[in-house]
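Participant: Sequence:
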Amino acid sequence: MFQQATLTLLGLVLLGALIFGQTSLALLTGMLLVTAGLARIWSRWALVRVAYERQLSQTRAFPGDELTLTIKVTNRKLLPLARLQVDDELPGNLQLEGGTEPRRLGRSNLLQRRTSLRWYESIVWRYRIRLRARGAYRLGPVQLRSGDPFGLYDCDATLEVFTPLLVYPRFLPVEELGLPARNPLGDLRAPSLLRDPLRTIGVRDYSPTDPLKDVHWAATARTGKLQSRVYEPATSRTLVIFLDLDTFEFYYEGIDPEQVERMISAAATVARLGLEARDPVGLYVNGMPAEHEHLAHLPAGRSPAQFGLMMETLARLTTYSVMPIGRLLNLSTTELPPGATVLLIGCVNSEATRAALLRLRSHGYQVTWLYMGTGSAPVVPGVRIVAGRSHSAAVATP
4 MFQQATLTLL GLVLLGALIF GQTSLALLTG MLLVTAGLAR IWSRWALVRV AYERQLSQTR
64 AFPGDELTLT IKVTNRKLLP LARLQVDDEL PGNLQLEGGT EPRRLGRSNL LQRRTSLRWY
124 ESIVWRYRIR LRARGAYRLG PVQLRSGDPF GLYDCDATLE VFTPLLVYPR FLPVEELGLP
184 ARNPLGDLRA PSLLRDPLRT IGVRDYSPTD PLKDVHWAAT ARTGKLQSRV YEPATSRTLV
244 IFLDLDTFEF YYEGIDPEQV ERMISAAATV ARLGLEARDP VGLYVNGMPA EHEHLAHLPA
304 GRSPAQFGLM METLARLTTY SVMPIGRLLN LSTTELPPGA TVLLIGCVNS EATRAALLRL
364 RSHGYQVTWL YMGTGSAPVV PGVRIVAGRS HSAAVATP
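Residue numbers for the sequence shown follow the working numbering, beginning at 4 and rising by one.
Treat the hints as calculated values from the structure; they're not laboratory data.
If you're wondering where the values come from, they're calculated on a predicted model, not measured in any experiment.
The reader is advised that the hints may include incorrect statements.
Below 25 angstroms or equal to it, Euclidean Cα-Cα: the simulated SDA-like pairs (lysine to any residue) are [unchecked claim]:
no. : residue 1 : residue 2
1   : LYS75     : ASP157
2   : LYS75     : PRO144
3   : LYS80     : LEU41
4   : LYS75     : GLU100
5   : LYS216    : GLY205
Start from the sequences, fold in the hints, and give me the full structure.
Facilitator: Rendered as structure tokens:
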């Protein structure tokens, strides 16, 4: 209302009123100028030392979970806030319960509240949020709008207050994956006998086929003949999951997001089953997590932290691939542990994929394909095919 030109005009009117002795006009003009000055100072200081806090009851959850969102705004100064508008940006996949309707802003929601705050006063708002879908989300930023009590001047500030939220993929019933309810991974993993180099149980005469690192030099010096270590056999039950995010053979055919989500959920389900059996589990994906520039890759392990790392990796995955799964299978062959079982989860039956699986089989790996596509299951010699239900089949089944 009181722009610079208006203030200049009022100043000229006041000067003229004083010159010509117009006391009433001078008094009125002076009051307007004083009010405008106080209003401008008020608006300039309105958002100074205003704190905004946002907290979720938990920052890691599953789709369908309900969280509590707590928002606290504090005015940490003597100057009160006659009016305050809060615009908090929330991800679009967060559903506010209790009748609160945020304003849609592109792919996000804008949570708006209006209030006033006295000096050194705080206000707390609580909301119930239901999670709709898997993903890595970030709540924020928040914009504050205020001004003077007369409504003459406005001010705003954007606060870079962010709250991360990680929504893990759903777990699927093992029956939907075509796996037996009892011992679901028993047929997928074929244990192979390996030697444990940390456990020596004896010595024997050296054989020309023995590597030099197996020579027991102390026993050789004692007997005068080359002796080799005898190791205790160990059973390897390593499971390496390859997740194919492609839903069509060619990129120009597009993406089926629902099918991608089902395959990600299948990977989470199988990984949990393997780790619950105390077996090392690894993960290779032909896609990248959000805000990362490298393929998702977790070496096989069974530490207590492995399950959390896998779930976080799967939660952050985008829904598109950056490399054909056949190429990833070929590139990763040299990294696989000896005797590991390779489990491919995918729905695209391409010639390149079948060739890559045959190559792994020729290298001595046990290979299983959890096929989640439509139509008849593929046939690959030496590769076990497990037919899991696709998204369309799962929706059609009551």
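Participant: Each hint should be assessed against the structure and marked as holding or not.
Facilitator: Comparing the hints with the structure gives:
For the given pair, LYS75 sits about 22 angstroms from ASP157 by alpha-carbon distance, which is consistent with the 25 angstroms threshold. A threshold of 25 angstroms between alpha carbons decides the hint, and for LYS75 with PRO144 the separation of about 14 angstroms falls inside it, so the pair holds. The straight-line distance between the Cα atoms of LYS80 and LEU41 is roughly 17 angstroms, inside the 25 angstroms bound, and the hint therefore holds. Between LYS75 and GLU100 the alpha-carbon distance is near 19 angstroms, which keeps this suggested pair within the 25 angstroms criterion.
Among the hinted pairs, LYS216 with GLY205 is consistent with the structure: their alpha-carbon atoms are about 15 angstroms apart, no more than 25 angstroms.
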